[in-house]
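Engineer: Sequence:
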Amino acid sequence: MMLPGFHLCSASTILPDNLEDDLDKYVRECAHDTNVNRRYHCVLKKRKLAEMKQGLTYALGIRSGPRRNISISQAHLKQLLLREGFTEDGQYVDGHVHQGDAFILPVQQNPYFFPENEFRTYVDIRNPHGNKIKEAVLNFYVSGITPKHGVAKYQVNLYRFIDDEEIDLEPFESYKRVKETWKSDFWDTIEITDLVKDWDREPSKNYGMMIKIETNGVPKQEEIDPIERESEEMAMYLQVRTFPLAARPRRLVGGNANCTDTMNPDEAGCCLYDFAVDFNSFGWYWVLAPKAYNAYYCTGMCKTGPGHGSTHYDMFVDFLKQRKRCCTPHHLQSMKVIYLDNSDTIQIRDIEQMAVSNCMCV
1 MMLPGFHLCS ASTILPDNLE DDLDKYVREC AHDTNVNRRY HCVLKKRKLA EMKQGLTYAL
61 GIRSGPRRNI SISQAHLKQL LLREGFTEDG QYVDGHVHQG DAFILPVQQN PYFFPENEFR
121 TYVDIRNPHG NKIKEAVLNF YVSGITPKHG VAKYQVNLYR FIDDEEIDLE PFESYKRVKE
181 TWKSDFWDTI EITDLVKDWD REPSKNYGMM IKIETNGVPK QEEIDPIERE SEEMAMYLQV
241 RTFPLAARPR RLVGGNANCT DTMNPDEAGC CLYDFAVDFN SFGWYWVLAP KAYNAYYCTG
301 MCKTGPGHGS THYDMFVDFL KQRKRCCTPH HLQSMKVIYL DNSDTIQIRD IEQMAVSNCM
361 CV
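1 is the number of the first residue of the sequence shown in the UniProt record's numbering; add one for each residue after it.
Relax, there's no trap hidden among the hints.
Derived Cβ-Cβ restraints for the label pairs, each shown as a range:
1) 292 with 110: 35 to 43 Å
2) 185 with 34: 57 to 65 Å
3) 267 with 331: 22 to 30 Å
List of simulated lysine-lysine pairs, DSS-like, C-alpha gap at most 27 Å:
4) 183 with 153
5) 134 with 197
6) 78 with 183
7) 53 with 78
8) 153 with 78
9) 176 with 212
10) 78 with 291
11) 148 with 212
12) 176 with 153
13) 78 with 179
14) 291 with 46
15) 212 with 183
16) 134 with 176
17) 212 with 179
18) 148 with 179
19) 132 with 197
20) 25 with 46
21) 148 with 183
22) 134 with 212
23) 148 with 176
24) 153 with 212
25) 53 with 291
26) 25 with 53
27) 197 with 176
28) 153 with 179
29) 134 with 78
30) 132 with 205
31) 134 with 205
32) 78 with 212
33) 212 with 197
These are calculated hints, taken from the structure and not from any lab test. Quick caveat: nothing in here was measured; it's all calculated off a predicted structure. Glycine included, each C-beta is placed from N, C-alpha and C at the ideal position.
Sequences and hints are given; from them, build the entire structure.
Structural biologist: What follows is the structure, given as structure tokens:
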């Protein structure tokens, strides 16, 4: 889906009346700037921001107001952000982003609706978008394995419950781990894609699973179970991807903006400008990452005749509503967004056309 607001000079023909009516308000809000060119760009940015907000809420399917009820701990969230190419606080790392759709599901230990078993791990498989599952990774916290010479060696075994009480005696997955670490507590992951696909196809067969760790070939005793099952901060969670993983990260925008908002748009011609979007600044705390990004925008005259522009308002209205040629994005790029949906589930979506790369006259 294309988000409105990037094709500014033609967008006014399809915008709701409330956005058209806001033009005068934007002009009043920008009137404090004594530089006519900055006032012009101030109005454009306010208009563009309103369009972007409306388009993004529609693209993400957000129907309710801002929420802060995150289903996983802050420790889990930081780990997720780092793995998805962001910093711990949801910012970009060197301008690089990854693309893709995914969602996070909390894991229940010894759920009340099954006969009691303290080692039963259960995930309610919900596929919000109905997309084909490509990968499912279980994240769990290991505690109490003492490394020798900076190396921790252990084996992870996964067993499937075949009904309410009975468990398959043979593990369906078994992995030997050799982990370089000096710590006795650390996060680990294990892929359970096939199992999750089975549960997604036939939810009635989802009785949960059991994850056990062995060290030196001898199972750990129950009282020293090395897997953290009780802590809220270190609780297990499942990350499900519903897209082919991108082979490599790429730049959000290949270069810098060509022009600055102090330039006269008549003289600068069709040009690319910076446009910083800070989600927290307008109360969208449900956007977990990126907290902010540069969307860029295109504006400027396309040299179809004599220039216009007695006041910044006249120039703005003339540009948006009367020009026959339009300065518009030539290429737009998609962007990964991590957010809380209407049910407070963490979603990872790749939203198309979130940032402008370059401009052209059409």
